[in-house]
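*Asks:* Line by line, the protein sequences are chains A and B. Here our numbering is used: the first residue of the first sequence is 1, the next is one more, and so on. Here our numbering is used: the first residue of the second sequence is 1, the next is one more, and so on.
Hints were generated in silico from the structure; no laboratory data involved. Even glycine gets a Cβ: it sits at the ideal position worked out from N, Cα and C. Take the hints with a grain of salt, since some may be wrong.
[Stated by the list, open to error] As a list, the in silico EDC-like pairs of lysine to aspartate or glutamate whose alpha-carbon atoms are at most 20 Å apart:
| hint | chain 1 | residue 1 | chain 2 | residue 2 |
| --- | --- | --- | --- | --- |
| 1 | A | LYS73 | B | ASP274 |
| 2 | A | LYS4 | B | ASP149 |
| 3 | B | LYS323 | A | GLU22 |
| 4 | B | LYS228 | A | ASP79 |
| 5 | A | LYS4 | B | ASP172 |
| 6 | B | LYS192 | B | GLU246 |
| 7 | B | LYS236 | A | ASP79 |
| 8 | B | LYS271 | A | ASP11 |
| 9 | B | LYS271 | A | GLU22 |
| 10 | B | LYS236 | B | ASP172 |
| 11 | B | LYS102 | B | GLU135 |
| 12 | B | LYS323 | A | ASP79 |
| 13 | B | LYS188 | B | GLU246 |
[Said to hold, decoys possible] So these bits of chain B aren't anywhere near chain A, every CB distance computed over 12 Å:
| hint | residue |
| --- | --- |
| 14 | SER82 |
| 15 | ARG227 |
| 16 | ASN247 |
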Amino acid sequence: MKIKHQIAISDTGFLFNPATGESFTVNPVGAEIINLLREGHTWQEIIDKITEMYSVERNSFEKDLHEFAGIMKMHQLLDKDE
Amino acid sequence: MSKPRYTIAVTGLNAIDSPGPGVAVIRGLLEAASFDARIIGLAYESLEPGIYMPNLTNHTYQIPYPTAGTDELMERLTYIHSRENIDVIIPNFDAELYSFMKLEPKLKQMGIRMFLPTFEQFEERHKVNLTKFGEKYGIDVPLGIAITDPAEIYKHEKELDFPLMVKGKWYDAYIAYNMEQARNYFNKIAAKWGYPVILQKFVHGTEYNVTGLGDGNGNTIAAVPMRKQYITDKGKAWAGISIADENLMDLTRRFVESTGWRGGFELEMMKSNDGRYYLMEINPRIPAWVYLAVGVGQNIPEALTRLALGEKVEPYTNYEVGKLFIRYAWDMIVDRSEFENYSVNGELKKDEHGKETL
């Protein structure tokens, strides 16, 4: 899963897609996931890191991450080959 | 080094909910880095807000409606020129462009310059001819059919399908979801703008606009794309944001290069849900939201003025992405004497503080 390189995200979780002009707000965990994606981490690495940092069950987080990825895909925030 | 000072006449001072571009154009001219501008307003109605706005125009004159014919317009412009010694005129209404284009050679002889599209460019991009335009230049355009009788809507119902757009020759566009609405809109538009009325296939998607400037030799001097963020019930952008979309920029450059476009323009685009770009309309003039382009680094009114004066203008290559324009409504308190002066004498002069002078 790769996020489009031009997507900008601020510390407050405000996300701007300069190609479409759309903007979104994500919560702190969402921002963390997006930053991990920007740094090039894989799906598995993100699951490892987030479940290490927060008390969340792996299965439950995996399901949420899948849903989050679906929303990002719907808003064309992910690279096309994803 | 002192900057040259030009007297520039501008139309479209109706900064209303469906605004004319004049006020935004003047703001660009007043911020020009390469010259100082003395602004002459040209207005049709006595309640166009730009006539009364402070620090905008030095003098505003009423001009005749395009329906009065070019002779009357020429007579009025000759009078205004004798008083003001105009260097450049920037007309900003679709409906008046034809008259100004027709007068361009005569005005040039008098020393007044403009930078307008050619008759051929003006005609072939017209809403009525847009489908052919798309075919000629290989640009996706939704099917459009010009009709003069509401009965023709039934004939084209299958090709176009509902919802469909019903558009006026000059202005106005409505989405019709059924035959009854389509007929109503047809009658409403025909009564206001005359025939033909254009039926256009509806494209589901997101609206994007590009404003730009062509030098008449195929070069794009300026181009800034914008996504409409807030749209009024008249379909006008009340807020928008500058974006970086290479597809839109390619399409714009292709449009300017293939048509050899001369002058300012606005491309109204729709990005369909499957990612295709459709050209919905080409406006052959600077749009009302042009101040966003000025604000992000491309002063289109300044560049257009310089081209009109025959100067060589280097293309802008950059602009700031992610800047918003947000329009607002603001009540001015205007002395009755200003309104009276303009209404009775057909002109209003202001001093350097924007106050009326007799």
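*Asks:* All hints are to be evaluated individually against the structure, with a verdict given for each.
*Replies:* Okay, the hints, checked on the actual structure:
no., hint, in the structure
1, A:LYS73 / B:ASP274, "holds, 13 Å"
2, A:LYS4 / B:ASP149, "violated, 50 Å"
3, B:LYS323 / A:GLU22, "holds, 12 Å"
4, B:LYS228 / A:ASP79, "violated, 24 Å"
5, A:LYS4 / B:ASP172, "violated, 38 Å"
6, B:LYS192 / B:GLU246, "violated, 38 Å"
7, B:LYS236 / A:ASP79, "violated, 32 Å"
8, B:LYS271 / A:ASP11, "violated, 30 Å"
9, B:LYS271 / A:GLU22, "holds, 13 Å"
10, B:LYS236 / B:ASP172, "holds, 10 Å"
11, B:LYS102 / B:GLU135, "violated, 28 Å"
12, B:LYS323 / A:ASP79, "violated, 24 Å"
13, B:LYS188 / B:GLU246, "violated, 39 Å"
14, SER82, "holds, 47 Å"
15, ARG227, "violated, 3 Å"
16, ASN247, "violated, 9 Å"
Consistency note: the structure conflicts with the earlier hints numbered 2, 4, 5, 6, 7, 8, 11, 12, 13, 15 and 16.
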